[in-house]
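Visitor: The chain contents come next:
Protein chains: 2
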Amino acid sequence: MPKKNAFYAQSGGVTAVINASACGVIETARRHGDKIGKVYAGHNGIIGALREDMIDTSRESDEAIAALRHTPAGAFGSCRYKLKSLEENRAEYERLIQVFKAHNIGYFFYNGGGDSADTCLKVSQLSEKMGYPIQAIHIPKTVDNDLPFTDNCPGFGSVAKYVAISTKEASLDVAAMCESSTKVFILEVMGRHAGWIAAASAMAAEQAGDPPHIILFPEMPFCQEEFIAKVEQTVQQKGYCVIVASEGVQYSDGTMIAGSVTTDAFGHQQLGGLAPTLAAMIKHELGYKYHWAVADYLQRSARHIASATDVEQAYAVGQAAVEYALAGKNSVMVTIERLAGEEYSWRLGEVGLDKVANIEKKMPSDFISRDGFGITQLARTYLAPLIEGEDYPPYLNGVPNYARLAKLPVKKKLNTPFDI
Amino acid sequence: MPKKNAFYAQSGGVTAVINASACGVIETARRHGDKIGKVYAGHNGIIGALREDMIDTSRESDEAIAALRHTPAGAFGSCRYKLKSLEENRAEYERLIQVFKAHNIGYFFYNGGGDSADTCLKVSQLSEKMGYPIQAIHIPKTVDNDLPFTDNCPGFGSVAKYVAISTKEASLDVAAMCESSTKVFILEVMGRHAGWIAAASAMAAEQAGDPPHIILFPEMPFCQEEFIAKVEQTVQQKGYCVIVASEGVQYSDGTMIAGSVTTDAFGHQQLGGLAPTLAAMIKHELGYKYHWAVADYLQRSARHIASATDVEQAYAVGQAAVEYALAGKNSVMVTIERLAGEEYSWRLGEVGLDKVANIEKKMPSDFISRDGFGITQLARTYLAPLIEGEDYPPYLNGVPNYARLAKLPVKKKLNTPFDI
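Residue numbers (our numbering), protein chains in the order written: chain A, 1 to 420; chain B, 1 to 420.
Next comes chain A alone, as it looks inside the complex (with noise of 0.2 Å):
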């Protein structure tokens, strides 16, 4: 039987680790050479597929592949493109298996959120019906750390990371300001429909009443008249108030606080604007000189400032994805399981993907304190060890060295076009 070839591709919003997957996927498929061929990478995600756009990362040096794990965002380049369902684009799905069967591929790697990995079910469906029997394993990534069934989601625990430190840094920052200045510092941060990463922030704070002293989380429903009085209550109390907002935070009746200003591709609205929103409430209310920042793509880039524990799991669950694929799996989302003792320690396992797509894990209501403006303790149980750890990239020139891949393509053997 000739060595079939591997598809690997990223999917969705680029985190600061989402390359330490791929350098797991390709290191470990090329350690397993006799059984597997070569690692083509979609050229922008699941787009180059359907263009038959690949990029041959065999022609890339191990030394590239080896600083993919120090490298942020998507090597290979990502994209917004979610797959119609099969009743309503069943040709797409069709030239996918079409331009994988072209290209002797078996295994297709797909490392992503919850959509694709709607995706990689349907393709390890559809494959087995048209005859040609692709090995679809999902490799979990997502800042927002919401898919359901493993313990935390490769991505996650860098932007906790960045955030909880930016938050410490920042509010000391107000703190020393506040006395004939600044009294309202607010951070805006990711997180549509599930609050992780604001209550990461949470993780700044060494003793009870440390800031951030406010975190607005999209679980809650916001309340204007309770915020602007805690926000006054802990400026009378502290000299100083630190709020964190996630940036999907909404009134209850699911109005967001911040307009929505357009829609992308999955359906998802692009928010943006709350920070700015908030101050003004506050200093319209209070009269509080503020500052406010939007982190945007520099909290989930910030591989100068990874998560040490996240780097590990984002190459392990790659590397798994190949080992998994050799051991004839298929139709699996890897994920990591925290194991039960009082010292951190976890493993990988696997969940079907049927069970997966589509799910969205948000924080659990015992992880947010009773006035809905901070976490419990067992919410930073079990945050603590997600930011544990500083893999610090190398440096020249003072700034990150990151990755540059040659990104060689494939020859195309199709060559026929395909609109998306």
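Keep in mind that the hints are not guaranteed to be accurate.
Since the list gives no way to pick out one identical chain from another, each pair is judged satisfied if it fits inside one copy or across any two copies.
Straight-line alpha carbon distances no greater than 30 Å define the calculated DSSO-like cross-link-like pairs of lysine-lysine that follow [claimed, not checked]:
| hint | residue 1 | residue 2 |
| --- | --- | --- |
| 1 | Lys289 | Lys361 |
| 2 | Lys411 | Lys84 |
| 3 | Lys238 | Lys411 |
| 4 | Lys407 | Lys84 |
| 5 | Lys230 | Lys407 |
| 6 | Lys84 | Lys4 |
| 7 | Lys355 | Lys4 |
| 8 | Lys238 | Lys289 |
| 9 | Lys289 | Lys230 |
| 10 | Lys413 | Lys238 |
| 11 | Lys289 | Lys84 |
| 12 | Lys101 | Lys82 |
| 13 | Lys362 | Lys289 |
| 14 | Lys129 | Lys84 |
| 15 | Lys283 | Lys82 |
| 16 | Lys101 | Lys84 |
| 17 | Lys129 | Lys411 |
| 18 | Lys283 | Lys84 |
| 19 | Lys362 | Lys329 |
| 20 | Lys412 | Lys3 |
No lab work stands behind these hints, which were simulated from the structure alone.
Chain A is fixed; fit chain B onto it per the hints.
Guide: Showing chain B alone in chain A's frame:
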């Protein structure tokens, strides 16, 4: 002659390394315990002196003082409080001298920017007239890098490094997303009148054509037409466009692009909202999907990725201030002098405060590229050593272990209230 005590205060916006200067002052004073008494720190800057509210640093352990070297923001509290002119409020200056006299303070170390250099000068002048001579030494500090007579300002190198790294990381993110999603990313950075911080983002580029593609300086009048044309051209050529904008960007008639919000105690306008304004402009003219970030306090408090050069220099200017005072100097600012040669080297110098006060050093015109959207090789050569080296803080539980001082008060001797 009884030993005189020293007064140290932090002024204006804090930085990632102003506490390293404090560390330099206190550790050096401790080493000269035979000649210099205690170091009293102003609680919340000069306000602490006016209120006779001082922190006795002699009651902090050596370990706590050493930890200041790796701790961001102002450990003793800073303030935005500009003393009026001698003619307008002589009482304030007299009060300072009175407090200094009551506490046997003979050395005044003021750690700040241009405004505090002015205060430092006046204290020195008036103290002589009032027959209680005080040696006033100004310790430079400002992320804005706009003090004259010094090659660079402590605090700038670290914010420059942070902005260069953040720009590099976010650019990789946009590059990965641009095929099907975000095409334009805007990072708003500090810099009211001088574009030094925005300029530093250019250090993210390894090769010509690398992001950032557009830098907006306060020194260059903003022309919407040219800007939009450059954004469009960049997206067409590169697939995406990364923009770094100084908060103080303005039209040729001096109007700020983002409306000013409030005015601080120094009469500076508090700006904000530039990034979303530019984003809306681009969306309206070109229709591109965008993301924007506002780094705000995150950039100037980011001790986790401070420049090693900056930390070393910040400590050195604090140390020198004490040594200058012991050498009998008065009414000077410590300066950093760049020495000639291929390899970067520097030494400390001094300049009379009468020359420093209220001069802002903007970007020289030969540091800005001809099209006004980038920097020249001359600027790169200037900036390169300032962001060199990583001086990582120690970590505990995944976040930096920053100093927590006891901050015990100096017993009041005057006990007369003073309204500020």
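Visitor: It remains to establish, for every hint, whether it holds in the given structure.
Guide: Structure-based check of all given hints:
1. Lys289 to Lys361: between (37 Å within a copy, 28 Å between copies)
2. Lys411 to Lys84: Answer is within; shortest intra-copy Cα gap is 28 Å, inter-copy 73 Å.
3. Lys238 to Lys411: between (64 Å within a copy, 23 Å between copies)
4. Lys407 to Lys84: Within one copy only: 28 Å inside, 62 Å across.
5. Lys230 to Lys407: between (52 Å within a copy, 27 Å between copies)
6. Lys84 to Lys4: within (27 Å within a copy, 78 Å between copies)
7. Lys355 to Lys4: For Lys355 and Lys4, only the intra-copy Cα distance (27 Å) is at most 30 Å; the inter-copy one is 74 Å.
8. Lys238 to Lys289: Within. Shortest intra-copy distance 15 Å satisfies the 30 Å Cα cut-off; inter-copy 40 Å does not.
9. Lys289 to Lys230: within (16 Å within a copy, 36 Å between copies)
10. Lys413 to Lys238: The answer is between: 27 Å across copies meets 30 Å, while 67 Å in one copy does not.
11. Lys289 to Lys84: between (48 Å within a copy, 22 Å between copies)
12. Lys101 to Lys82: Only inside one copy: Lys101 and Lys82 sit 22 Å apart there, 73 Å across copies, limit 30 Å.
13. Lys362 to Lys289: This pair counts as between: shortest inter-copy Cα distance 28 Å, intra-copy 33 Å.
14. Lys129 to Lys84: within (18 Å within a copy, 82 Å between copies)
15. Lys283 to Lys82: between (41 Å within a copy, 23 Å between copies)
16. Lys101 to Lys84: Classified as within; 21 Å inside a copy, 79 Å across copies.
17. Lys129 to Lys411: within (27 Å within a copy, 84 Å between copies)
18. Lys283 to Lys84: between (45 Å within a copy, 27 Å between copies)
19. Lys362 to Lys329: within (29 Å within a copy, 62 Å between copies)
20. Lys412 to Lys3: within (19 Å within a copy, 83 Å between copies)
The structure shown violates none of the earlier numbered hints.
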